[in-house]
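Both chains are sitting in their own frames, so use the hints and assemble them into the complex.
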Amino acid sequence: MMRKNDVFRLGLSLCILIASYSCQDDEYEDNSFNKYYNANLNMVGQAFIQNVESTPAWETQWATVEKAGNPHPNEVFCVYSPSHGTFTVLPVLEGEEITHVVFYPMTENSEPLIIDGDTEDYPEYVRGFFQAQCYATWEEHQLKVDRKLKTFVYNDSIVPAMRMANPSPYFLPADIWVSFTYYYNATWTNLYVCRAEIGKHVENGLIIAKRSFPNVLFDFPGTTHNVDLIVQNVATYEIASETAIKFLDIAMNHVRTLNYVQRVWAVYCWTPPSGGASGGYYGGFSNGGSGKDSGKGDDLASEYEERFCPVCHKRMSECTCAISFRIEVSPNNEVELAKHYDISVYIGGEMRSEVANVFIEMTKTKYPNHWVRIGGGQPLHYTYKQTMMAFNPGEWVVQVGFQLKSDPTIGYSTSTTKFKVLYPHVDDFKNDPIVVSFFEDLWTKCVSFAESHQSTHEVREFGAFVFLNPDGSYSCTEVEPGPIVALDHAGAHGTISASTGDYEYPSYWNDPFRQKPLIVGTMHTHYPATWAAEGIHFPVGPSKKDIEFAQKIPGLVYDYTNKIKAGDAADNPENPLKIWDYGVKRRVLED
Amino acid sequence: MKTLLFIAMILMAIPGMAQQKKTVNVDSLSEKKRTEYLTKVAEKVVKHFGPGYYRKIRPLVIDKITITPQDTISPPYMKREFMGRTYYRVRFPYDENYEFFPLGYAAEVIIWADTGIAYSVVFGNEFGVVDINNPKIYNDSRYIMQYEWQPPETRELYKLIHR
Ligand SMILES: [Zn+2]
Ligand SMILES: [Zn+2]
Chain A
1 MMRKNDVFRL
11 GLSLCILIAS
21 YSCQDDEYED
31 NSFNKYYNAN
41 LNMVGQAFIQ
51 NVESTPAWET
61 QWATVEKAGN
71 PHPNEVFCVY
81 SPSHGTFTVL
91 PVLEGEEITH
101 VVFYPMTENS
111 EPLIIDGDTE
121 DYPEYVRGFF
131 QAQCYATWEE
141 HQLKVDRKLK
151 TFVYNDSIVP
161 AMRMANPSPY
171 FLPADIWVSF
181 TYYYNATWTN
191 LYVCRAEIGK
201 HVENGLIIAK
211 RSFPNVLFDF
221 PGTTHNVDLI
231 VQNVATYEIA
241 SETAIKFLDI
251 AMNHVRTLNY
261 VQRVWAVYCW
271 TPPSGGASGG
281 YYGGFSNGGS
291 GKDSGKGDDL
301 ASEYEERFCP
311 VCHKRMSECT
321 CAISFRIEVS
331 PNNEVELAKH
341 YDISVYIGGE
351 MRSEVANVFI
361 EMTKTKYPNH
371 WVRIGGGQPL
381 HYTYKQTMMA
391 FNPGEWVVQV
401 GFQLKSDPTI
411 GYSTSTTKFK
421 VLYPHVDDFK
431 NDPIVVSFFE
441 DLWTKCVSFA
451 ESHQSTHEVR
461 EFGAFVFLNP
471 DGSYSCTEVE
481 PGPIVALDHA
491 GAHGTISAST
501 GDYEYPSYWN
511 DPFRQKPLIV
521 GTMHTHYPAT
531 WAAEGIHFPV
541 GPSKKDIEFA
551 QKIPGLVYDY
561 TNKIKAGDAA
571 DNPENPLKIW
581 DYGVKRRVLE
591 D
Chain B
1001 MKTLLFIAMI
1011 LMAIPGMAQQ
1021 KKTVNVDSLS
1031 EKKRTEYLTK
1041 VAEKVVKHFG
1051 PGYYRKIRPL
1061 VIDKITITPQ
1071 DTISPPYMKR
1081 EFMGRTYYRV
1091 RFPYDENYEF
1101 FPLGYAAEVI
1111 IWADTGIAYS
1121 VVFGNEFGVV
1131 DINNPKIYND
1141 SRYIMQYEWQ
1151 PPETRELYKL
1161 IHR
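Line by line, the protein sequences give chains A and B. Each residue of the first sequence is one higher than the one before, starting from 1 at the first, in my numbering. Each residue of the second sequence is one higher than the one before, starting from 1001 at the first, in my numbering.
No lab work stands behind these hints: they were computed from the structure. Source: prediction; values computed, not measured. It is possible that part of the hints are untrue.
[What the hints assert, rightly or not] Calculated lysine-lysine pairs in the DSS-like style (CA-CA distance at most 30 angstroms, straight line):
(1) B/K1033 to A/K545
(2) B/K1047 to A/K544
(3) B/K1056 to A/K585
(4) A/K578 to A/K552
(5) B/K1047 to A/K430
Extracted from the complex, chain B is given alone in its bound form (with noise of 0.2 angstroms):
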């Protein structure tokens, strides 16, 4: 039910000024094809939301995950709705001796396998927003991410974190 809400809410979202007009089963693709895709998708994901924080280092680093109950990667929110939908998440590596982030990657995009849209963007910062697709999140420019660097010692202060 969650699901079928929620794609018609992106159907809806279609005729405004949402990034993504189509969906594309990403898993049907090539993996060269399918490669191409996701980094298309999170390179304009993050120079829109987050321009600051848009890294040129290539490959992007691309994981396909399921939600399921035992999952240990997905936030507790996309369990709640999403259970046993696949995703990719696509990660932004940095040159760690230029500056730190303590997501480990300078951003990360989630882009669903069925319709290859974007659901959700965090930076380096591990800040971010979801529901990306949404036209009045898109289209609001509060929902930009200002960039802050912080040098690679900080990387020694995150140390005091004991997770």
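The shape of chain A in the complex, shown without the other chains (with noise of 0.2 angstroms):
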């Protein structure tokens, strides 16, 4: 009984629907476009064939593309280069393959311009978004593309390799490709802001792999001009090159953060080393990592051949497990804050050639199953690399997800690795300039307080956490001074304490591409005897209470070389000052 009536209602809203949809076809008559409110348009495709529609005379622009063949709204998505602007793509079919191309500058009364594999005058961007495959998205949709569009090309922009003064700068300009979804509610204003977002990622990207290559000079990407470096202080050209694609594997990983960013590309416009690519043009990728191998294939297939399946433990070219993935962090599984690594995943099986694209998933052990995807793309050579930056520390799992070229699901590597990154030894810091600066300056204070509270002996001690930047620098912020304290009896001593928690930056500690300051060791001084009760001897370095606090942090401490008593000048230079270090070596790992 209930079943039947479900039924006739179903049949009931079926034909309100219906009524609804002949009105607009009354109000915009007999137009081609009302087809697309029938097709079986997506969140995308809906948000796109909107506002085309809001657009003033979109009739005759449509009929146009009508004209070319048959438009697919759903895959349409953004993209955006510094050098080149910002596009919205829509690829026109014939048949199973995209033959016609139509960019929608994202600029004021700009006409959408359709492209095909014969149009001979086309404008630069449009060579580059090919020559920068930003199509590979589609293919990835198993939608064929023209053979004559994937090969368009850069007409002008062909640097070759440019020494520059001596003794070696060398310039090596790339070109940046972002493309990205089309937003479900993409009005222009949401697109400008997705930009504007995304040119802030390439700066951001490009000042935190200057802390990994300090040598690497670059312009912020301007509107007029792609990324161009200057990578100084290197032997050969070669390693200019490679210094480069790291530079920029590092920068296009923080793009990639973004979780609207679907493929991120910076194209060398430089040629090769030696031997690579002929044409004078290199054309490679930094696509998460995988294309700085591009110009070195060789060097990867032997990397590869070294490499032993996880789990038949057989090599990985001759693996006899269905598919397999082996993960590797370099150079090793501990890796230093504000260092970069290489996470490397190398396929073995004999499906190995059916994996379309593999995506690299972190989280801390800490946070089992909170998986962030870090980067992914196209194997080359059954082989997967990228550059991290690690400024996140903790105890960390990789994973890997992949796609066949059969079959979109994502499904994952059974086998993991993990890896640690280290909070750094406090002899990386306990002699930093700023530390031992700011050291000075709370001794200062320390003395003149002491000093003005001569008559009661009374003395305090003056603290500070270190921090370590993500621009590898280091930096102190005081603490509260530890409580006054009369050094007019035997054992009279003061102290400090102070909660790293208090002073740690928040944010969410499972995040690969963390950029917080952290807290790396403690710093406090100790004080003078000068103005001590007469008689009044103690010992110098941590205190018992230091070293109980510095089980978990390594600390640092400021006082005499030898022990002191009352009398002795606080600045003396047969017992000089110094920084004592005690406690942990580095902060222990807790997230």
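Pasting the structure below:
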């Protein structure tokens, strides 16, 4: 009984729907556009059609598009290049193949541009789009792209290996292309926001990369030029090229953290160091790191040959599994903060050539299954590499997601790999000029306090936390000074304490791209004995309280070299001040 | 000059309540007598300034030290005032299965070789008092060190000090 009722109700609502559609038909009269209302549009397609519809004179434009073939609004995406602009791209198919691409420039009153493989007079941005293989998104969706379109390359931006003045800076320009999802409610304002955010991420990515490679100079990409890298102080052009590629990998990985970004490419506009691609154009890509090896496939092949399957333990190339992934972190499984590391994925098994894409995901072992995707792309020689910047200490685990050519569903590797990102060693910062000068300032305060309280023999300790900043520099943040104590009895001593929790930057600790300054150590002063009550003697260096607190975090204390007694000069060349380190050598990993 | 001043001060102290009223040239004593003398003085000092640190393990560990520029034992303040002078360092061993002292001993008393007068006491916690024969200090209860027990395991903690 119930079932019959439901069917009846459904029939009724369908009638109402049909009625409302015919209403719209009347409004727009007989235009071919309306067939998309009935088409199977996804969210992207709907958003795109709505936008097209809101453009003046869209009907004639759309008619031209339809003349070219069968437009696929569901496959629309946006693409941004600092030097070429922002476009919405619409593929137009003839049968199963994309034969035309419509470029909608994201500028006021701009006309869409329809491109096909036979077009002769197309602008540079079109060449760049194809040169950068932005169309790969469509291929991933099993759409064929006309071979003639795919052979479009830059006209004028092929830059020869250019050596600048001595000693050895090399000029290595790159062109950046970022494709991103056409917003579901893609108003122009939203797209402008995305473009601005991507631009900012490109900038920040370059700044982050600079931390690993201080010898690389770069221009912020403006609206008229691409990213020009200048690599200094390297011996050979090969190293310069490799440096630039790593640099771009790091920068592009940062851009990839935006959740609406689909793919990021940096096209290397320089000629290969030696024996690479012919024709004077490198055509490399920084696409999550896999591109960096495109000029040296042989190296990659031999590297691959040396790997063994973690499941069947045979060579990756002879692996008898259906599909297997070996994940390695290099240079080793203990990575220092503010240093870069590579995650390499080697694909083995009988189906290895079926893998279209791999994705690298990370989470801390403390947050099991909170996987964060950090990148991905097409493997090269069954290998995929990604360069990362370590700035989130903890124990991490890596897993690999993959798509087969025949199946876009993402599967996951059973094998995972763990590695640690370590806090810096105390020796890395105890003599840092910033730390030393901060200590000198704290000591000045300490002495002036003691001197001005000499009648009561009072002293207090001054302290700070040592931070490591994302740019690799150290800084110090002073904490509340310790309690005032009178050095007027045997055993009198000062103390100081502060909680890391009160000074730590709050932010998500499972973010592989976390970029907040980190507390790496504590620092505090002791005090002079100069104005202590007559006869008082005390030891120097870390106290019992100090070392108790330093079981999880390295401590530095500014104190005399040798024991002191009341009346000893505050500044005594025979007993100089020094920075003592104590406690653990590195902050203990807790997150 | 400094030495003279110091001796003058001690002389001035003699009429007061100071513990040692007369001087003894420790070096001139026979070894047996010297050990007896140093032990007696050190015991008296520890019982007075830090009774909680007094331990009965014998013999005490006695070293003779002359303050020289190369000397790495004497603190800078002793080198500054008493260069060339000789003293005996008398240290009190303790039961390491019962407690721990970062000093390595329960107490350490420094006694001048030429006068036999105690100059300083440092306790197991490394805090101490100098110029202890000065009646102003000897008679002031604020210079008495309180004892605090530290279990033997504390030794492990102190390994975190990288000397
Ligand atoms: Zn296998
Ligand atoms: Zn301290």
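> Among the hints numbered above, which are violated by the structure, and what are their numbers in rising order?
Replying inline: Numbers 1, 3, 5 - these are the hints that the structure violates, sorted from lowest upward.
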